[in-house]
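Asks: The lines below spell out each chain.
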Amino acid sequence: NAGVMQNPRHLVRRRGQEARLRCSPMKGHSHVYWYRQLPEEGLKFMVYLQKENIIDESGMPKERFSAEFPKEGPSILRIQQVVRGDSAAYFCASSQSPLGAGANVLTFGAGSRLTVL
Amino acid sequence: GQQLNQSPQSMFIQEGEDVSMNCTSSSIFNTWLWYKQEPGEGPVLLIALYKAGELTSNGRLTAQFGITRKDSFLNISASIPSDVGIYFCAGHYNTDKLIFGTGTRLQVFP
Chain D
1190 NAGVMQNPRH
1200 LVRRRGQEAR
1210 LRCSPMKGHS
1220 HVYWYRQLPE
1230 EGLKFMVYLQ
1240 KENIIDESGM
1250 PKERFSAEFP
1260 KEGPSILRIQ
1270 QVVRGDSAAY
1280 FCASSQSPLG
1290 AGANVLTFGA
1300 GSRLTVL
Chain F
28 GQQLNQSPQS
38 MFIQEGEDVS
48 MNCTSSSIFN
58 TWLWYKQEPG
68 EGPVLLIALY
78 KAGELTSNGR
88 LTAQFGITRK
98 DSFLNISASI
108 PSDVGIYFCA
118 GHYNTDKLIF
128 GTGTRLQVFP
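Protein sequence lines, in the order shown, are assigned to chains D and F. Each residue of the first sequence is one higher than the last, beginning at 1190 in my numbering. Each residue of the second sequence is one higher than the last, beginning at 28 in my numbering.
To be clear, the hints were calculated from the coordinates, so they are not data collected in a lab. Glycine residues also receive a C-beta, built at the ideal position from the N, C-alpha and C atoms. Where hints are given, some of them may not hold.
What the hints assert, rightly or not - Residues from chain D shown here face chain F by an in silico Cβ test under 10 Å; the list is partial:
(1) ALA1191
(2) GLY1217
(3) HIS1220
(4) GLN1226
(5) GLU1230
(6) LYS1233
(7) ASP1245
(8) GLY1248
(9) LEU1288
(10) GLY1289
(11) VAL1294
(12) PHE1297
(13) GLY1298
Bound-form chain D, shown alone (with noise of 0.2 Å):
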């Protein structure tokens, strides 16, 4: 039973470039959740997603970041034209159902690591 997979682990861009960082949940959960963690930092919430539906993406950039969670295939959080700022570890994490109606516990994946020159 695979955990939450994240790819790619590392991704370099260059300033102005796009990043499309993808997230596969666990088996059986319909539920996901990005988040950011900055160096020496704990992890900030970006936005969460049920299949097809962004439910709340109030930790989000207002500009040039995206996610998506469509009816097959993985979650996708997109950033567009991508700045120094942006360099940081993201993760994505699943539960079967809504954190705090149901879940109390999010599983993580490995997360994907942003470089940005």
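Chain D is fixed; fit chain F onto it per the hints.
Replies: Using the frame of chain D, we list chain F on its own:
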């Protein structure tokens, strides 16, 4: 917004020593979680706490959910080298967001 203050920021201990770290929140939680993160990996759940006053153990780890619902602590007894990592507290209160603490970096020397 909600904030979690975690202390200490870092600890350097000798193998065999006991470790204690804690987390305080500016508002109440109904779930407290403790995660461990090793270099290059994602957080792995250690202990979950669901009721005020609850004391739960997982091997050499023991965690408690504070009575006020605004704090939690994690103890590690008889530390070993593989305990090295960053320990995060996290909590939520009927929302879809887990709030994370700033982490305690643990270094164990043989």
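Asks: Which constraints among the numbered hints does this structure fail? Numbers only, ascending.
Replies: 1 and 2
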